[in-house]
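Novice: The primary structure of each chain is shown beneath.
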Amino acid sequence: MISIKKPRLGISIVPNSKFLKAALPLFAAQQVEIVEWSFDTLKGAIQQPAWLPLLLKEYSAKNRLLGHGVFYALLDANWGSRQENWLKRLEQETLTHNYAQISEHFGLMSSENAHEGFPLPFSLSNSALQIGIDRLKRLRAAARVDVGIENLALTPNTLAILDQGEFMFKLVNPVNGFIILDLHNVYCQSENFGIDMMTIIKSYPISLVKEIHISGGSWDNDPSLTRTIRRDTHDGRVPEAILELLPEVLAICPILEYIIFEKMGDSFQMEIDGINFRADFQKIRKILDASAISIKAKEEKEITDNLGPPVIDLELFQEQKALRKSIASGKYDSSYEWDKDIWRVATKLYKKWNN
Amino acid sequence: MKLSNVLLASMITSVLGVSAQEDDTEKDSLTSQFSTEIELPKASSTINLIDDQKNIKDSIKIRSSKKKVYKAIKTTPTNKYQHRCPGCGRG
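Those sequence lines, one after another, are chains A and B. For the first sequence, the residue numbers in the numbering used here are 1 to 355. For the second sequence, the residue numbers in the numbering used here are 1001 to 1091.
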């Protein structure tokens, strides 16, 4: 087994000039060891900034490019042209660039349309698991590289937080996949439900965490909420609680290869935002340098992709449609056993991203 | 990871473009930092071209004018580009 000394630190790419202005000193100083690109977020044939394809090409050539999908809709119980087209686009993308791995988000997209929505949590049933495994197999077959999923920030209740890790393990295990542990998502869960961060982290399959995401977020103080809700908006500073916990997290993730720092492009409004972005990056760098970890490469297993027709579960699909509709209406439905404040936040997110 | 000069030049050009759009007069520390470290032949030749076209006698004055220099080397129409869907941060 190949031994890798330390995880590589990089950033999530946003094709936005303000983001680039903030990140350029890091690139110029050769500090960005890896980049992650959400290849499915470019809508149609919209003009790209000239630097983007050059950047992808150079990181790709050195096997330092990670793909991170947003719109595959991993747990959607229906199957149609949207997923087919998404996979075709992924195939093309992986022919164009050499991605070291491809990942997606855990959850159900709040919209049935491509390029809209946000990942919604929903009941972690066996039928949902079968859907997820089928979708991951197709993802792996199309990408022809290691595939994985990221934990979700928005969680309806305490039980769903602590069940998510086991469900994710069952999802990725059949494809020998990996987990992206998003520490700010864990921070959101911790703050919103009063559970210790490390308790949540240890509920995930730590042995499969190949990548960590770190970002900031914001507090939602909407008067309609009964308490302040932490949201994964990727626009603020990285909370100190995450940085303080990072050495301990690094020490328990044996196959951790990548750490990706994320910040939303629109959040770079002033010069200080770029300065803070670089300062947070350097804090992570310092912690990583100070850590005495030595990680191992993820073990390869022979996986046979026997793909039959896509799994479709119409009963589950109707349940998913009903959940979307109910959240869109804004009217709380107690039958879903969601925390009321989280439900209200989901309604707000629906209005923001389903347009 | 070390990037090629071509990529860095493309990035710097894009950054300078947005700087010019944001603020034509304020001194930009990032711009100053990189303008001394990385040679930008395309940008320089463009500036020279602008000098010739306008037949401005005092070239030193042109080069000290951030507004004119930045507009001359802006090649990426960033306002036409829309990245509608950020990768994450939807929670």
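Worth double-checking, as some hints may not be accurate.
[Said to hold, decoys possible] Okay, derived cross-link-like pairs now, BS3-like style, lysine-lysine, Cα gap no bigger than 30 Å in a straight line:
(1) A:Lys352 with B:Lys1002
(2) A:Lys283 with B:Lys1002
(3) A:Lys62 with B:Lys1002
(4) A:Lys351 with A:Lys301
(5) A:Lys170 with B:Lys1002
(6) A:Lys325 with A:Lys283
(7) A:Lys170 with A:Lys202
What the hints contain is simulated information worked out from the structure, not anything from laboratory work. Nothing here was measured: the structure is a model prediction, and the numbers come from that model.
Novice: Hint by hint, say whether it matches the structure.
Specialist: Here is how each hint holds up against the structure:
| no. | hint | verdict |
| --- | --- | --- |
| 1 | A:Lys352 with B:Lys1002 | 38 Å, violated |
| 2 | A:Lys283 with B:Lys1002 | 21 Å, holds |
| 3 | A:Lys62 with B:Lys1002 | 11 Å, holds |
| 4 | A:Lys351 with A:Lys301 | 43 Å, violated |
| 5 | A:Lys170 with B:Lys1002 | 39 Å, violated |
| 6 | A:Lys325 with A:Lys283 | 42 Å, violated |
| 7 | A:Lys170 with A:Lys202 | 16 Å, holds |
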